[in-house]
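In order, the protein sequence lines correspond to chains A and B. Here the first sequence is numbered in the working numbering, starting from 1 and rising by one per residue. Here the second sequence is numbered in the working numbering, starting from 1001 and rising by one per residue.
Mixed in with the good hints there might be a few duds.
[Claimed, not checked] Simulated pairs of lysine-lysine, BS3-like, Cα-Cα distance not exceeding 25 Å:
1. B:1339 with B:1363
2. A:245 with A:99
3. B:1249 with B:1207
4. A:275 with B:1576
5. B:1286 with B:1186
6. B:1039 with A:275
Simulated from the structure, these hints should not be mistaken for lab results.
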Amino acid sequence: MNRPIVADYRLLAAAGILSVFGIAMVYSAGQTDTPTAVASAYKSQILWLLIGLGFAYAVGHSSVRFIEWMTTPLYLFSIFLLALTLVIGKGAGTAASTKSWLAIGSHRIGQPSEIAKVTVVLMLAKVLANQREGPKSLLDLWKPALVVIIPWLIIMLQPDLGTGIVFIGIFFAMLYWAGVAWPLLILIASPAISLILSFSVGLWGAWFFILLALVLWYRPYLIEGIVLMVLNVATGVIAPMMWEKLAPYQQNRLKVFIDPSADPRASGYHVIQSKVAIGSGGFFGKGFTQGTQKRLAFLPEQHTDFIFSVVGEELGFLGVTIVLALFLWLFLRITQVAERANDSYSSLVAFGLMSGWFVHVLVNVGMTLNLMPITGIPLPFFSYGGSFMLASWLAVGILMRISGEGRGSALSLRR
Amino acid sequence: MSFHPNDVARRARMSSLALTVGFLVLIGAFFKTQVIQNKQYVMQSQENRLRPIPLPAPRGIIYDRHGEVIAENLPAYSVSITSPNVDSLRSALAQLAPTLQLTQNDINLAIRRYRRAPTRPTVILPDASIDIVSVLEEHRLDFPRLIIQSVPKRYYPDGPMVASFVGYTGEISESELNDPKYAAYKPGQQIGKGGLEKQYESILHGKEGVRFDEVDARGRPVRGEGPRPDLSAEGAPPLYTNIDLDLQKFTVGIFADSLQGGAVAIDPTSGEVLALYSAPSWDPNKFTGGIPVDYYKQLLDDKRRPLVNKAIQGRYPPGSTFKLATSVIALQDGLVGLKEHMPVPCSGGYQYGTRYFRCWEKKGHGSLDLEQAIKHSCDVYFYQLGLKVGLSRMIAGGINLTMRDKSGIDLPEENQPFWPYAIDYYNKRYGRNWSNAETLNLAIGQGANSQTVVNMAKFYSAVSMQGIAPRPEIAHLIPQRKQIFRLSSAQDSVLLEGLKAVLQGGGTAAASAIQGLTLAGKTGTAQNPGGVDHGWFVGFAPADHPKIVVAVLLEFGGHGSRAAHIASAIIGHYLKVGPIQATMDEG
Chain A
1 MNRPIVADYR LLAAAGILSV FGIAMVYSAG QTDTPTAVAS AYKSQILWLL
51 IGLGFAYAVG HSSVRFIEWM TTPLYLFSIF LLALTLVIGK GAGTAASTKS
101 WLAIGSHRIG QPSEIAKVTV VLMLAKVLAN QREGPKSLLD LWKPALVVII
151 PWLIIMLQPD LGTGIVFIGI FFAMLYWAGV AWPLLILIAS PAISLILSFS
201 VGLWGAWFFI LLALVLWYRP YLIEGIVLMV LNVATGVIAP MMWEKLAPYQ
251 QNRLKVFIDP SADPRASGYH VIQSKVAIGS GGFFGKGFTQ GTQKRLAFLP
301 EQHTDFIFSV VGEELGFLGV TIVLALFLWL FLRITQVAER ANDSYSSLVA
351 FGLMSGWFVH VLVNVGMTLN LMPITGIPLP FFSYGGSFML ASWLAVGILM
401 RISGEGRGSA LSLRR
Chain B
1001 MSFHPNDVAR RARMSSLALT VGFLVLIGAF FKTQVIQNKQ YVMQSQENRL
1051 RPIPLPAPRG IIYDRHGEVI AENLPAYSVS ITSPNVDSLR SALAQLAPTL
1101 QLTQNDINLA IRRYRRAPTR PTVILPDASI DIVSVLEEHR LDFPRLIIQS
1151 VPKRYYPDGP MVASFVGYTG EISESELNDP KYAAYKPGQQ IGKGGLEKQY
1201 ESILHGKEGV RFDEVDARGR PVRGEGPRPD LSAEGAPPLY TNIDLDLQKF
1251 TVGIFADSLQ GGAVAIDPTS GEVLALYSAP SWDPNKFTGG IPVDYYKQLL
1301 DDKRRPLVNK AIQGRYPPGS TFKLATSVIA LQDGLVGLKE HMPVPCSGGY
1351 QYGTRYFRCW EKKGHGSLDL EQAIKHSCDV YFYQLGLKVG LSRMIAGGIN
1401 LTMRDKSGID LPEENQPFWP YAIDYYNKRY GRNWSNAETL NLAIGQGANS
1451 QTVVNMAKFY SAVSMQGIAP RPEIAHLIPQ RKQIFRLSSA QDSVLLEGLK
1501 AVLQGGGTAA ASAIQGLTLA GKTGTAQNPG GVDHGWFVGF APADHPKIVV
1551 AVLLEFGGHG SRAAHIASAI IGHYLKVGPI QATMDEG
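Start from the sequences, fold in the hints, and give me the full structure.
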């Protein structure tokens, strides 16, 4: 490395402000009228942030080439940890019956899936960057698909629907960034779309004709085309059976997503209470730590999955807008970093990390207003949780490094 | 890989656009929820966390005519609990059962109250003893949802003495909750169950208040001070009655423990009920907050039937007291002259067709005019007077004299007296096989005729007031009077002289006369096929300017002279004259 590296202060500032804001909200989440274990959560969150900053600093002082070189071992290690959860995994929070936590005895160590989100992005970037030609056919995509499908399957076995959605989001976003054509992306997604639409025969039928038209227009290899159509028919038929296979709490969450009042005291309770908290916040909010819904424990998981409801209740529409603007600022900045990155690997890593966060924000924030199903995925920099905080700051470190090495660095711009 | 800078720039633009749109959609959704729908959610959040605790209103105090208290409120403690669902209520009750000494019945009642109004605190014990309350206060933290409230409890200082008219209060029942009349009521509330308490429930119940407790998601109260000001309960206005508590107590005293029957004292000018008593009585204080099962069973098993109000519910053949009605009917239609004698003089009986109708006096009364016939209560005279009137006129006359109507007293339990509606009654009842002998029976107050004590008091009020019958009223209302018959003053005075003579030498109630006071009245014997006859007396005083009418029925009292004794004592006490001259055994 012969070029001096200058820190990307905009990126650092956005992530830093969000983290401090987040810790303040975790502190507020612990301020309730009935004693709660959440009261001291902010202290450990501060500790995690400091450790995360250390990680980010270390990674920021390595080089992108080193990260690329480490990618395959890191990826394999994270897959190993993920597989381990199936054997000794434990559940927590809204998903107590799952196995997403690594635990020794009753002591929970961490959630490997959070680390896997980063390593999968790295691995995917490496695989995509190594392909000379952009993927033109479905067959060309088997390698990147494999990179995602292995951890995805393990995560679906835990089961952790939310994290599964994040992986899919990352996969599609990175394919797009790698230059995969729109029609091909739709063709890849078609079995999943068939799955969703299979609940209505009419919609599925319509979708099938659109797909057929798309296949004829895009002209993939014949076998591909046939396999694709067969796959679509299969998922369309299998879907109802898959539904039966879902755990009852997952079925409930999906049902409640469609109609929260169907089960107001159980699964729907979370969404209703969250909306009441946010809605009663008004424009300016009830004041920091003063949210009544939160204080009186009507908000569930107020320090993790529903931390954004506390923002909505206590800081009002104004606070919500500020936080969302900060996220948007961060994501636009990362997109810029990805655009100006020195090489395709760096560019893909940056865009992949950003898209992972974006899915988190979209699903988590959407969930508090019932725009998204409750999948129990955390809000980056806000939700209480060590693994995710570490992983996020690890990602910040990587992004800082990519930004520093990229064309868009402050130094290069000044030249 | 297509990483040509132009391609990357295009994708970056598209991505930035997608990001911006995504965030704008989110912000829009928050704007809708937080700014546009804010009011609705603020309301929901308040509903969530503010738990209304009803504050029962004290019932209106009931006073007698001199301002003496008949019914008041004492402080008591009620224990209630809030629960999110039936299961939680069940487990809480199971935990509380040993401390509160709850029976299975108490638990079932509480669960039913909960089902009726799950959002209200469910009353477990409407009237908890101070011992239970102090134990509960010690374990306050174990039962955070428990609400111990100081509530007003109905109390009747004179208990059984006033039960006959005041009634009692109790928790609203399921059937009452279904009644549209009680649509505004909630389970666990106290309502008037009988007597004045029921009659004037709408006035007496007051307006329930609300206290708002702030609770957490589990329903536990979190702060001392209310987040919203209380709506304090509004006590009901007092109810002023016409009852003379002193006279009421005196009446109760005469009946003592041995006598059973009913008595009503009315001011004939206004219908104001001065005293009303049914002996034996019961204790309304024991009924407040749930009737104890053993006490209720004891009352039900009592052969003297204390739960039947003998002043307004019990129906008895009026016997000779009805002869005044027969006289009024005959005089009104001009069927008998004031000095006219009946064709057959009384020789101890009267031969009508194949049947011989006895006079109560076996020795016979000889030939009498109306005044003398009233004085001696001669059956033979009235048999013949009845025949003169005829059955259909007799029935119609009785109806006009309100013998088929309730007196209209302001008590919900009053029974309608019995009197034939027309001759058709006999056709329906006996087919064609009834004889005109029914006329003879009706004429002397027997047969198809049974009257309540209060209705006879009303009729005699009319007799004492030239035919103007007042509606008997316990609450102090505007008097309502109605002319039920009209006689000439000569006719009136014959009746009055006859009634006076009853209480003079040779009269049937001569032994009940009071020195210095002219009494007027009539004895009666209600034939009781099941045992000893019931004794009647209805009278008024002073005879020329009546201030009080008293009707007394003594169950198994035999001849009316013992009833006359009671009535005369009540009158004497009220008009503050006496002492009572005669003794009981002279009757």
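Structure-based check of all given hints:
Taken as a hint, the residue 1339 of chain B and residue 1363 of chain B pair is honoured in the structure, with Cα atoms around 23 Å apart against an allowance of 25 Å. Of the pairs offered as hints, the one joining residue 245 of chain A and residue 99 of chain A holds, with about 17 Å between alpha carbons and a cut-off of 25 Å not exceeded. Pair hint residue 1249 of chain B plus residue 1207 of chain B does not hold up; C-alpha atoms about 32 Å apart against a cutoff of 25 Å. Between the alpha carbons of residue 275 of chain A and residue 1576 of chain B the distance comes to roughly 78 Å, so the proposed pair goes past 25 Å and is violated.
With a C-alpha separation of about 23 Å, the suggested pairing of residue 1286 of chain B with residue 1186 of chain B holds against the 25 Å cut-off. At most 25 Å may separate the alpha-carbon atoms for a hinted pair to count; residue 1039 of chain B and residue 275 of chain A meet this at roughly 13 Å.
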